[in-house]
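Novice: What follows is the residue order along each chain.
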Amino acid sequence: MSYGPTPWVQRHWDLRAAANFAAGGAGSGLIVVAALSGARDAPAAVALLAGLALVAVGLFAVWLEIGRPLRALNVFFNPRTSWMSREAIAAVVLGVFVLRAAWLHATDSPGAVATGAAAALAALVFVGCQGMILRAAKGIPAWRSSATPWLIVATSLAEGAGLWWIAAAAHAQGTRTGLALFGALLCVRLFAWLAWRRSIARNARASAAMAPAGTALSVLGTALPLVLAGVAAISTSPAVVLGLAGTAGALAFGTGIAFKIALVVRGAFNQGFAIPHMPVRGKRA
Amino acid sequence: MTRWAMVADLRRCVGCQTCTAACKHANATPPGVQWRRVLDIEIGNFPDVKRAFVPVGCQHCEDPPCMTVCPTKATKKRADGIVTIDYDLCIGCAYCAVACPYQARYKTERATFAYGKAAAHEAKRHDPDRLAVATKCTFCVDRIDAGLAAGQQPGVDPEATPACVNACIAQALTFGDLDDPSSNVSKLLEMNEHFRMHEELRTGPGFYYLWDRSEETGGVPALKRLVEEAMDLA
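Chains as they are written, first to last, in our numbering: chain A, -9 to 275; chain B, 13 to 246.
Please note that the accuracy of each hint is not assured.
Claimed, not checked - Straight-line C-alpha distance at most 16 Å; calculated EDC-like pairs for lysine to aspartate or glutamate:
hint: 1; chain 1: A; residue 1: K273; chain 2: B; residue 2: D75
hint: 2; chain 1: A; residue 1: K273; chain 2: B; residue 2: D224
hint: 3; chain 1: B; residue 1: K199; chain 2: B; residue 2: E171
hint: 4; chain 1: A; residue 1: K273; chain 2: B; residue 2: D157
hint: 5; chain 1: B; residue 1: K62; chain 2: B; residue 2: E74
hint: 6; chain 1: B; residue 1: K88; chain 2: B; residue 2: E74
hint: 7; chain 1: B; residue 1: K89; chain 2: B; residue 2: D141
Derived from the structure by calculation, the hints contain no laboratory data.
Please build the complete structure, drawing on both the sequences and the hints.
Specialist: What follows is the structure in structure tokens.
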């Protein structure tokens, strides 16, 4: 490993940490989309629980990364300033709301929709915390951009919508309104990506490292799914609609996950070292 | 109040890494962990090349990002400005390490020794509490506290001064109280042009770099002023 002065890619967080952002974000997105879709009963319960399971997988992955896993509960100690503590608290709240909402949906009880909405709000807070975790990491210029949290939230919602459409295709369900929402989320993600890319443009190393994942996000994760969703929207064959929408969902999900993994393990160049003045030995130049 | 700070005179540092070795000796850090290290920076193209040796490590920031992000409150800042880590609270999440813009933090997952198996001195000083948690330069806080308790002055009395400062062969490193206008570090900063690294990130480092004598207060003019003051006193 080089010790500078030029920046190098951080090695403190690896794929396990990236998995938390990937799975946790996609799971949160799925919970939000499940609430927005207006789904009820068993499908809603399954989607909520699947989203929570993904969040749990992400947290488990990061638990495997921490040096002292038996002290993991210490993570709750500093919600006053640490976004990691806030993320942990949000995860607990999210879990409570999702379990409650899933139970109400599964038993067709009143209050299911309202509790699902609360779960969606908690999911948004959770994924927002994930974005702010990166934003607060001053040592990584590409992460500390003010555009990072918006990008993390936007891509998580798009990934959640992608998952939703994979499931919808598998169960032969889905609406054109849902397709429109999916398309809108893809566009929001594209704008968030463009804004983030502009914000890190001066960081040549990170920009270059993130270019492949960004291109994939733009082309394979946005443009192509939008075309597929557009064709699906005007198609009259249910099988074609669901096949195209499912493929679009898989592309949106996969490219989003790949982008977040790249953000953590490839584009995370540290600050490096820099001195504004060289020492003057003799007369100043 | 007291604000402990370090000053590195870039004109004096010769890059000998004695400070690095002294730090490793004083703190028994494992291979690959250098709480104090010296960068060798070269800029320009032949024949117009400049070179600087830059001691780096924890900057003991006024507003340490490592402390803000720490989810466990393991990282704290003392009233005297020294940033510390409570190894019993730290969960080893390394969030502090990615939040530090000075790459000053380390996490060692398992015990490692210079030649594989622990030598006698390594086995004696191995501290399992420092495994899988964040570690970094402490400004030799134990030496400072013990020295103060014994009535010594950090930065002046070697027993109360960080090991890297004591070891420096060129007196390039100086340690002292920034809030004391008569301290060694305050005088150096007054008489020399200086900067702090990554000032734009507003972390308020407690580590200053001297790069030239001050046009107004340093070098011959300052010496002349001191002589005049002495003459006045006489």
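Novice: So, for every hint listed, does it hold in this structure?
Specialist: Cross-check of the supplied hints:
1. For the suggested pair A/K273 and B/D75, the alpha carbons sit about 35 Å apart, so the restraint of at most 16 Å is broken.
2. Between the alpha carbons of A/K273 and B/D224 the distance comes to roughly 9 Å, so the proposed pair stays at or under 16 Å and holds.
3. Restraint check: the Cα-Cα separation between B/K199 and B/E171 comes to about 22 Å, which exceeds 16 Å; the hinted pair is violated.
4. Using a Cα cut-off of 16 Å, the hinted pair A/K273 and B/D157 is violated, with the two alpha carbons roughly 41 Å apart.
5. Of the supplied pair hints, the one linking B/K62 and B/E74 is violated, its CA atoms being roughly 31 Å apart against a limit of 16 Å.
6. For the hint linking B/K88 to B/E74, the alpha-carbon distance of about 11 Å falls within 16 Å, and the restraint holds.
7. For the hint linking B/K89 to B/D141, the alpha-carbon distance of about 20 Å lies beyond 16 Å, and the restraint is violated.
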